[in-house]
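Residue numbers (numbering that gives the first Met the number 0), protein chains in the order written: chain A, 0 to 369; chain B, 0 to 293.
Hints are supplied without guarantee of correctness; some may be wrong.
What the hints assert, rightly or not - Selected chain A positions facing chain B (in silico; Cβ < 8 Å): (1) Leu-48; (2) Ser-89; (3) Val-110; (4) Ser-113; (5) Gly-261; (6) Asp-265; (7) Gly-298; (8) Ala-302; (9) Pro-304; (10) Leu-306; (11) Arg-320; (12) Pro-322.
Unchecked claim - Computed Cβ-Cβ distance ranges for the label pairs, DEER-style: (13) A:Gly-107 / B:Gly-33: 51 to 59 Å; (14) B:His-248 / A:Ala-329: 50 to 58 Å; (15) A:Ala-172 / B:Arg-244: 49 to 57 Å; (16) B:Pro-17 / A:Glu-120: 48 to 56 Å; (17) B:Gly-33 / A:Gly-307: 26 to 34 Å; (18) B:Met-122 / A:Asp-240: 26 to 34 Å; (19) B:Arg-244 / A:Thr-146: 50 to 58 Å; (20) B:Gly-81 / A:Glu-323: 50 to 58 Å.
As the list claims (entries may be wrong) - Footprint (simulated), chain B over chain A, 3 or more residues, beta carbon under 8 Å: (21) 233 to 247; (22) 253 to 260; (23) 307 to 319.
What the hints contain is simulated information worked out from the structure, not anything from laboratory work.
Keep in mind the model is a prediction, meaning the values are calculated, not measured.
Just so it is clear, CB atoms sit at the ideal spot from N, CA and C, and this is done for glycine as well.
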Amino acid sequence: MPGLEGTADTRAMPARTAPRCRHRHGPRAAGANPISSAGHPSRHRAHRLSLLEVRDLRVTLQTARGPADALRGVSFTLDRGDTLGLIGESGCGKSITALALMGLLPEGAQVAGSIRFGGRELNGLPESELCTLRGNRIGMVFQEPMTALNPLHTVGRQIAEPLRLHKGLTRTAARAEALRLLERVQLPQAAQRLDAYPHQLSGGQRQRVVIAIALACGPDLLIADEPTTALDVTIQREVLDLIAELVREDGMGLLLISHDLGVMADCVQRMLVMYGGTVVESGPTAAVFARLAHPYTRGLFAARPRLGLARGTRLSTIPGRVPELADLPAGCPFAERCPLVVDDCRRAPPPPAPVAADHEARCLRWREVA
Amino acid sequence: MADVLLQAESLSKVYRLPRETLISVPPRVQALDGVGFTLRRGCSLGIVGESGSGKSTLARLVMALERPTSGRVVFDGQDLHGLSPDALRRARAGFQMVFQDPYGSLDPRRKVLQTVSEPLAVMHGASRVEQRERAGEVIDAVGLRTSDLDKYPHEFSGGQRQRIAIARALVTRPKLIVADEPVSALDVSVQAQVLNLMQDLQDRFGVTYLFISHDLAVVDLVCDEVIVLQHGRIVEQGDPDRLFRQPQHPYTQRLLAAVPGQHPPRANVAPPLRPFPSGDGRPWPSQGPEGAAR
Numbered sequence: 000m001p002g003l004e005g006t007a008d009t010r011a012m013p014a015r016t017a018p019r020c021r022h023r024h025g026p027r028a029a030g031a032n033p034i035s036s037a038g039h040p041s042r043h044r045a046h047r048l049s050l051l052e053v054r055d056l057r058v059t060l061q062t063a064r065g066p067a068d069a070l071r072g073v074s075f076t077l078d079r080g081d082t083l084g085l086i087g088e089s090g091c092g093k094s095i096t097a098l099a100l101m102g103l104l105p106e107g108a109q110v111a112g113s114i115r116f117g118g119r120e121l122n123g124l125p126e127s128e129l130c131t132l133r134g135n136r137i138g139m140v141f142q143e144p145m146t147a148l149n150p151l152h153t154v155g156r157q158i159a160e161p162l163r164l165h166k167g168l169t170r171t172a173a174r175a176e177a178l179r180l181l182e183r184v185q186l187p188q189a190a191q192r193l194d195a196y197p198h199q200l201s202g203g204q205r206q207r208v209v210i211a212i213a214l215a216c217g218p219d220l221l222i223a224d225e226p227t228t229a230l231d232v233t234i235q236r237e238v239l240d241l242i243a244e245l246v247r248e249d250g251m252g253l254l255l256i257s258h259d260l261g262v263m264a265d266c267v268q269r270m271l272v273m274y275g276g277t278v279v280e281s282g283p284t285a286a287v288f289a290r291l292a293h294p295y296t297r298g299l300f301a302a303r304p305r306l307g308l309a310r311g312t313r314l315s316t317i318p319g320r321v322p323e324l325a326d327l328p329a330g331c332p333f334a335e336r337c338p339l340v341v342d343d344c345r346r347a348p349p350p351p352a353p354v355a356a357d358h359e360a361r362c363l364r365w366r367e368v369a
Numbered sequence: 000m001a002d003v004l005l006q007a008e009s010l011s012k013v014y015r016l017p018r019e020t021l022i023s024v025p026p027r028v029q030a031l032d033g034v035g036f037t038l039r040r041g042c043s044l045g046i047v048g049e050s051g052s053g054k055s056t057l058a059r060l061v062m063a064l065e066r067p068t069s070g071r072v073v074f075d076g077q078d079l080h081g082l083s084p085d086a087l088r089r090a091r092a093g094f095q096m097v098f099q100d101p102y103g104s105l106d107p108r109r110k111v112l113q114t115v116s117e118p119l120a121v122m123h124g125a126s127r128v129e130q131r132e133r134a135g136e137v138i139d140a141v142g143l144r145t146s147d148l149d150k151y152p153h154e155f156s157g158g159q160r161q162r163i164a165i166a167r168a169l170v171t172r173p174k175l176i177v178a179d180e181p182v183s184a185l186d187v188s189v190q191a192q193v194l195n196l197m198q199d200l201q202d203r204f205g206v207t208y209l210f211i212s213h214d215l216a217v218v219d220l221v222c223d224e225v226i227v228l229q230h231g232r233i234v235e236q237g238d239p240d241r242l243f244r245q246p247q248h249p250y251t252q253r254l255l256a257a258v259p260g261q262h263p264p265r266a267n268v269a270p271p272l273r274p275f276p277s278g279d280g281r282p283w284p285s286q287g288p289e290g291a292a293r
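Looking at chain A on its own, in the form it has when it is part of the complex (with noise of 0.2 Å):
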């Protein structure tokens, strides 16, 4: 299969795009992130296709309420060996950009734009082909590892199932690769808990079993929504730890999904922000942090609680609510809250303004923000 041909050409390549650095030594400078935002190819970056490149990517759902337009034209790259990271707060469109990354949103969903993996154009490809794809070449970590396991069957078999059938091994192979498996995500007592069932384990060895699952065939991009939400956070800390150590290992994309502006800082060198199925910011993660240069960027870190605030501080907050997909406005959708509102605003959606090299945001006023 071409698509296939053009993953494994890019999976060929020596590891340039490896991460150097652990991610707690913060994401990579500026100026060193190979990752160029959309746009302005340069020759040879013409010749290199990008493990995912996602372009104007619309998609519509159908509710109770009509028609709601769930993301209104977002675009990114995501290298191999990269790690970008959606941040946002609920209904912001950033858990739907992964469902249609996957083939996964909800009936009757309409998707417009291009979606290209490895080359090759997952919108319009039928479910058979996708399924050839997903828990094989695509990885997902979902939030709640105990809805994401099936609790009838052991932790054993659930690890085996992907490589049965994509990879076609055998019982006793697909279970010896389960061990090994579960002892790469640093399961204690990997070879016991083979045969164990989910609610034997806690949450976050459950959280590590799903995560064995979706590296178990080596895929080239993983997709983790939330991974760490429902876990303590001595156990978060450890998951993330584990996530990226894995990334860096194999030289897999991520896109990690998270509300926490905390773990992005921790865990990817690039970010997007969404506010209403739009991408606001986005950026280098050093760059976003530095500059929060689109109001709800700033909005949203103001009003974070953070270690060592005077007792009985008031946190800033951003007053209003967020908008209703099925009532977005048609200008910018952060409008209505927005203290730096102008006429304009409102009238179509602002374009993505350059902030620096490879940093932008989507707002009119963006020189008086920072």
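Given chain A, work out where chain B should sit, using these hints.
Chain B in isolation, oriented as in the chain A frame:
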């Protein structure tokens, strides 16, 4: 001491699990082991710890929803677990609870008025008019409108639902509110609104909070004193300023080290927020309940 509102004296709770086989002794779990503290009126005590550390068991004992295996809970001079059922029901007006999940804690088939005024009906036998009046007062105090009383929970956002849950807790004019992870299920910007509201209500009504959270930053912001629980025991206790700056116990140190976003680029210290040019030149407007989500 007159200004002590709540005192827990070496509270322990042991749960018996179901027998694993017919003849075996049922296994036991010590959920809480000799926990004691004092909470003064108008102050906030934070309880932090991970799942299984006993935080919620402690809340249930303080709320007199369960009996401790040993130890006492003294609320406003009364030993809660020594009261007669009747006296306990009357005493319950003094302490109320706010739960984590505003989607699960409100009855979807009841209007806000019914949910908010139910404690009044149960405890005081208040008249309908009086119930509506009191419900209107508290719904106003949490930044919603009196017209919202005639709506159903599904008509509200998560943050608004948590306001309704807080209104329900306030309606008996309690001295103590036990809040079990009250903002964990909320989005960051909404979480800030609810935390500000809880602090405003404390200033206005002098409520005392027992505040349970796994989020150290939230506890640091709201509480005068913090207890760190691990496996049902207090491992460290003190002023959050000291406790979070110089944690002594290895478990507290581990909790603190795990908080994401502390390493550069540090989300906590990134750029100093310059005055934000809003209309009147003030920094990003801070919202009290009056500016709450509508």
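Now for the hints, and whether the structure bears them out:
no.: 1; hint: Leu-48; verdict: 30 Å, violated
no.: 2; hint: Ser-89; verdict: 5 Å, holds
no.: 3; hint: Val-110; verdict: 26 Å, violated
no.: 4; hint: Ser-113; verdict: 30 Å, violated
no.: 5; hint: Gly-261; verdict: 2 Å, holds
no.: 6; hint: Asp-265; verdict: 5 Å, holds
no.: 7; hint: Gly-298; verdict: 6 Å, holds
no.: 8; hint: Ala-302; verdict: 4 Å, holds
no.: 9; hint: Pro-304; verdict: 4 Å, holds
no.: 10; hint: Leu-306; verdict: 5 Å, holds
no.: 11; hint: Arg-320; verdict: 4 Å, holds
no.: 12; hint: Pro-322; verdict: 11 Å, violated
no.: 13; hint: A:Gly-107 / B:Gly-33: 51 to 59 Å; verdict: 57 Å, holds
no.: 14; hint: B:His-248 / A:Ala-329: 50 to 58 Å; verdict: 55 Å, holds
no.: 15; hint: A:Ala-172 / B:Arg-244: 49 to 57 Å; verdict: 54 Å, holds
no.: 16; hint: B:Pro-17 / A:Glu-120: 48 to 56 Å; verdict: 55 Å, holds
no.: 17; hint: B:Gly-33 / A:Gly-307: 26 to 34 Å; verdict: 31 Å, holds
no.: 18; hint: B:Met-122 / A:Asp-240: 26 to 34 Å; verdict: 50 Å, violated
no.: 19; hint: B:Arg-244 / A:Thr-146: 50 to 58 Å; verdict: 39 Å, violated
no.: 20; hint: B:Gly-81 / A:Glu-323: 50 to 58 Å; verdict: 51 Å, holds
no.: 21; hint: 233 to 247; verdict: holds (count 5)
no.: 22; hint: 253 to 260; verdict: holds (count 3)
no.: 23; hint: 307 to 319; verdict: holds (count 12)
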